[in-house]
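Peer 1: Starting from the two chains in their separate frames, assemble the complex, guided by the hints.
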Amino acid sequence: MKRTVTPSLLAVAVFLVSLLAQKYTLICQEYDGLFLLTPDYWQRAWGQSFPISGIVSDFLVQFFRFSLYAPFIVTALVVAEFFCLRRIFPRAWGDVPSALGACAYWVILALSSSPKTAIAILLISVALTILFAIFVKWKKVTPSPSVQYVIPSAIVCVTLIFICVNPHVRRTELYSKVKHFTLYTQWDKVIDALSPRVAEKESELTPFALLALSGSDILGEAMFRYPVHSEADLDMNSVDGRDDYYLSLFFKAALYDLLGCENESIHNLFQLSTQQEKGMSFMVLRKLVQEYCSLGNYTLMEKYCRILEKSTLHGQYVRHYRQLAASGGPHQEVDSVEVRSQIPVISHDPLYNLLKLESMGLHSKAGVERVLATFILRQDLPSFSSVMGMVLDSYDKVPLHFQEAMMLAGMDSDKITKEVREMFENFMMDAMMSSQEKMEQKYHGTAFLHFLFSERAEDAEVSSED
Amino acid sequence: MPRRLAIFYSLLLSALATLASCSEGGYTPSGDYPPIVPDYVGVTVPEGMAPLSFEMTDGSRFSFTTERVGDTLFYHVRTHDRKTGSRTQYKPFPVYISKDAIDPYIAYRLIEPSYEGWKEMGLYYRELSSYKEKALVTNAAIGGGCVNCHTFPGGDPTRMIFHARGEGGGTIFREGNSFKKINLATIGPHKQGTYPAWHPSGRYIAFSSNSTQQSFPIVGSQQVEVYDHFSDIILMDLQTESVTTHPSICEETRMETFPTWSPEGDRLYFCVADSLAGVVENRSRVRYSLEYIPFEDGAFVGEPKTFYSCDTLSLSHPRINGKWMLLTGSAYGTFPIWHPEADLYLLDMEDGTMIKADLLNSQESDSYHSWSSNGKWVIFSSRRIDGRYTRLYLSHFDGQGHFTKPFLLPQKKYSHNVLRLKSYNVPEFITGDPGELDKEISKLFVK
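Note that the protein sequences, when read in sequence, are chains A and B. Numbering-wise (the working numbering), the first sequence opens with residue 131 and increments by one. Numbering-wise (the working numbering), the second sequence opens with residue 35 and increments by one.
Only chain B is shown next, with the shape it has when bound in the complex (with noise of 0.2 Å):
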């Protein structure tokens, strides 16, 4: 019996051996990185950012694990096609993980990338550590509405202001627990606000204030274009309530727009162009460039003066970090997001030398750009995985001009950005949670 009995663990664990040889033995290697949906391999990470998922590109099914190595983690992916019956061993990717710091959430728009209209839309704020994605503020709270261009200076989640458009809107001021709804275009040189930037001092807005409008190519694959027929900048005086002008950034025979302050505050950075009859029909002419004015006392001061200007580029959205400056270039126009061709471009504003920011650059637009509030993250916003559908992207920066490969904003699952019918826009870095503010804001809303 003790012999059978010998016999029989002797076969058993034959054919367990057997058996494990053939799971690890029947992965055939592959000396190649795997072919993943979205492209992880050798982006650089924050530490503690959500896990990334993926999917492999031809759909199969994959399984991975992890190791980490120093500042490193190897991601080791194997796929077993069930049609075929090939199993493949792939090089481990690596992630590299960066010590520097990124803000903890971020917040964002999401909207349909419809046309003129929405149902719902709302802005959102997401934990860049987990998934968790709660709504700031919905367009429920303002009665349906639109709501655009939320900032907070600095990042504080304390202080934000955005725009709540619509029957009874205005503009939304968020000081700590107090809310303000605010209609610019009632005070002032009556001009309603669009693209706010918030001076480092915090005492001061300046907005741009667009007439914008869509329009729809009759064929081809450009479905929607944007265009300003005029835009001005004004200043808004927290203290005071008050807003201004200065006739120089207030032109009719101009269209001035993206504000952004310089980290002193001394400077309002702006894009312009020349304002022209027949926008539409001749908007391949319309090209922004970028100028300043002085800001002394609460007061702009002097004349608009050029900065940089490049005749085969529309420049937008300045965003400045130290001495660089990163913006959107297109080939035209002001609304960069409908523009495959639009990318982004880092401006050293010491030397006025300005370079493309290969790295972060796909095929379709590349645009909206936010740093984070240590300077060394950037995230943006680009339609390269659909090209009609905005999604959010992260990369790293040196300080010395140099990116990361940028990732997408991990989800829990990566079908989630196919499935999501809705478009990421205007991202930006907070360094706190901001809170769920619909009830407040309903209350600004009620008749």
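Bound-form chain A, shown alone (with noise of 0.2 Å):
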């Protein structure tokens, strides 16, 4: 009974936090995962180093995509290495070897991106199991209480702690969190998991942040809420070629999903592709499927399922989207020469793309709310008042901070509330008199302070070039 101890609470604690703590993270490794029953994997399969861990790993991970599974794996893993090592160590010294050893293998896990190394690990501790029980055999002892369960008990309750607040295991789990979410575009729970103050800490989350406001048509309303500098944290374009490329990559997929431009999504789902380890990724693969389909390639979609479907478990997902297409909209025609030669081409300039957008048609409300979002932004207010003027009709409510917006560029309407006429006034009044800290406390969360303490880009050039 003693003897169960040990391994129970070890179950139960990994268990809890992988559900708990590490659910997302956990998800987006069979995000980033592949395992594939084709002629390439296998290869590239068998040219890794340690390939049957790693062989291994892509196996089990795929299973990480339900989020019930993956826990039961990862607790299966470490339990199974505790049991390993019972085997190894000593009787008399009780379960304070196996639990220290299993506790730091866990802890292995928890910061790994994949199960790759805890499996050659798990590995060898198998083949040691094995060779110990044919050649050694401990001296059956009944250790005492307190290295049967009492130390070994203490062992993992530290190490579930550990986990628990391990900065890094909360990191990657909040923008494992994040990532998800904006993958289904739930925008809600993607606002939910990056409030303002969390967006303080993680800068470079600001911009999913504010995607998310864009999904949910509330950007023109909140988005000063968040620490908003720069056109930076609204479209990520400048990390291009950084450590963060790959989060870039990602968002800009999602970004352009949200507004319609599927080209440039899968554009950018290549060339996400291409920064994962295996080249390629069941994420990608399903939201190349998402694309296509939509785009009504369905040839392409057909490729991309019938790879899907060389894996073990997306035949509801391949069936579904077969099924979308049958009943699905016309085929994608090939445009003709004329047509295609004078399309617009993606710019690395976020503002001018969202207007080739609209000019090609793909309107959207995210994107009007961008472009004007991104004129406050740069404090153009000479084209914010242009592009306002155009759309201004179409609102029953103005966002607020386009009504700001609009105060400072001096123009009129009825769809500028009370409220915000007289925040304006006050605000004008209090930036001749008021202090930078008082007037930041004051006008906390709007578009006034923007104007007020950012540096414009182009002066801020000038500066520099003096």
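Among the hints, a few may not be true.
BS3-like, lysine-lysine: derived pairs with alpha carbons at most 27 Å apart [said to hold, decoys possible]:
id	chain 1	residue 1	chain 2	residue 2
1	B	K153	A	K440
2	A	K319	A	K153
3	A	K319	A	K495
4	B	K473	B	K214
5	B	K153	B	K215
6	B	K447	B	K166
7	B	K117	A	K440
8	A	K440	B	K390
9	A	K440	B	K446
10	B	K439	B	K390
11	A	K545	A	K495
12	A	K440	B	K168
13	B	K166	A	K440
What the hints contain is simulated information worked out from the structure, not anything from laboratory work. Every value quoted in this text rests on a predicted model; they were computed, and no experiment measured them.
Peer 2: Here's what the structure looks like:
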């Protein structure tokens, strides 16, 4: 009975941590994973370092797609390691060494981006266990309760706390959560996960918060609640080639998907796949199926469906999209040379892209609001006024920050509320008399403050040249 | 007892006969060829080619047997639809076997048809009599950069060049077991090499030097456009390891690209277009024509002359086989692989007439092509399967301007073409096994 205390406690602890503190981390491992019964996959898999652990890891990770499977698998791995170690170490030592080893193993698993290393360790442990079982016979002694379960339980509890409070684990979980909800366009959950306070700490995620606001059509209402300083916070355009390149590609794929520009979304998905360990992933394959289905390119959709069919768990997914294709819209036509040669191309300027999307008929409320937000962030009030003038009639209620910018731009409209007018008047008076600190306190979360203290890009260039 | 036994055996025999007649007669004969993918019906293949593998277009189960009659191999295909229970015996389809030999290997690059980036890419070679594919050089050997533009003079597997891009990159030269890396941009006119053309003497290599960029149309069926900002032609003398050029093929106002030598080596043919400002916006106006410049005693002489020009076609990648030149023609631009209208054209260099090689072409892009060393076969890339992933097709050429219906490079299973996530790029015939070179090449990149 006493011998079951430590493994039971360990199993419960690992399961709960995996389920509650690492749920999205594990799901996202599946997103970046790949396991296919295709010749190219196997050729690549056997060519990697530690191929067996790599293949086993890829096989197991595919089950992480379902949030309950992942904790079970992680628990099974850690408990298996525990039992291997228990067999290796002398019984007189109780469960202390095996608990220590299993907890170290758990930490490795929790901090790794895939179970590959952990599986390699487990395979070695299994081999050692077999050798010990054959060649080493430990004396059967009954260890004291302290080494049997008291100290091991303490080790398990300390490890549990260590993993739960570990900044890397928490940060990875936050990023994974944002990634997961962005992928499924669950914008309200992205906003829940990324409060302005969280975004203050994790500034790299601010664009995702603003994307979620766009997705919820409240960008113009709430963007300045977040720490927004420049266009880079809106479009994540300035990180190309840096460490967070992967994140920016993921962001752009989601952004252009939201804006209805499948071509650019696919472009970024392909780029994203080249940043992944295997050069392709389940997430990218599934997104390609979706995007090509939405484009009406059922030939390519079918290609990726056939590839996904070579995995273990995508049968239902593939059937769903095949049904959609069968009952879906018309097939995408190949454009004529004349049409094709006149289509504008994506540039490195997100504003240009947004305007071109509009000009090509890809109209969306999110697109218009991002154009207006970009002009505000650029402090380009004439352009803001010009676009706002065109879309003003479409609003029953103009979003708060757009009203504020209208006041700054000197636009008059009965769609500007009394409160905003009063706040603007107060702001103008306070701007002359109050300190920056006071202004920041009083007008935090308004567009007014952005105009008062943020440096315009052009001004910054001039001053740097000086 | 014997009588009972006789009755038993006669019953058993009649039951077996009934079963046999069911399985024979259960198939409904069809007067049509089987609907298979890829379309191998009536193709011509070289003797000793790896067996052709195919699927039914509707994915139904099938079996086949082959029967050789003279130089024709007949495929007898039977299908069995489990849902409806219907069984069909199709009209046997012929595959013609040519006695004209084909080079035993081909080399190509495998790369994601993604866009700007890649993860793993490499130059691979494939034995045509089997399905064996091996890595010639992968980008793992050069630190993850790009490997491209491989070429073998006359298909000689012991001599080759290719470019290795990225940090510490350069052009890699192979002479037997000796390997050398030269950064062309650091010598002569300081231009890096792009598309190579090996002089028939083996001493010179003409390169185009291109500044190539990609852009991504916002909407529409074309997802990538590739164009040059400028391009010139340079010449490398392998004996002196020097790089030179000639003012008339290195002009700022023109873009010269895709060099290819005449069989005698006395002319260099190339494609040329006027440089344009705002090339992306004006891309439909960029049309390449074909010119040549005489070559004597290791140098270009005189001025380039127009060899073929057409108002409606932009020409790329000329490759000569005797009096025939095979080119890719597209509506505009220099990168036909992203142009579905791109097709192969055959130019009679003696009388200057050009015809569309209709039998080779498809609705999707048909592009990069190479002749076998005896000029009897051509290999080219086509996106006809799905419009995105390039696959390789081979066709027989009779030397009189006629091709046979092309066939998809056979794989062990046809599904490999669908499941493979990489495109085939720059197919070249080679006359022998070049070996796997990662180890040797990586030595050139040791820091």
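Peer 1: Could you work out which earlier hints the structure fails to respect and list their numbers in ascending sequence?
Peer 2: 8
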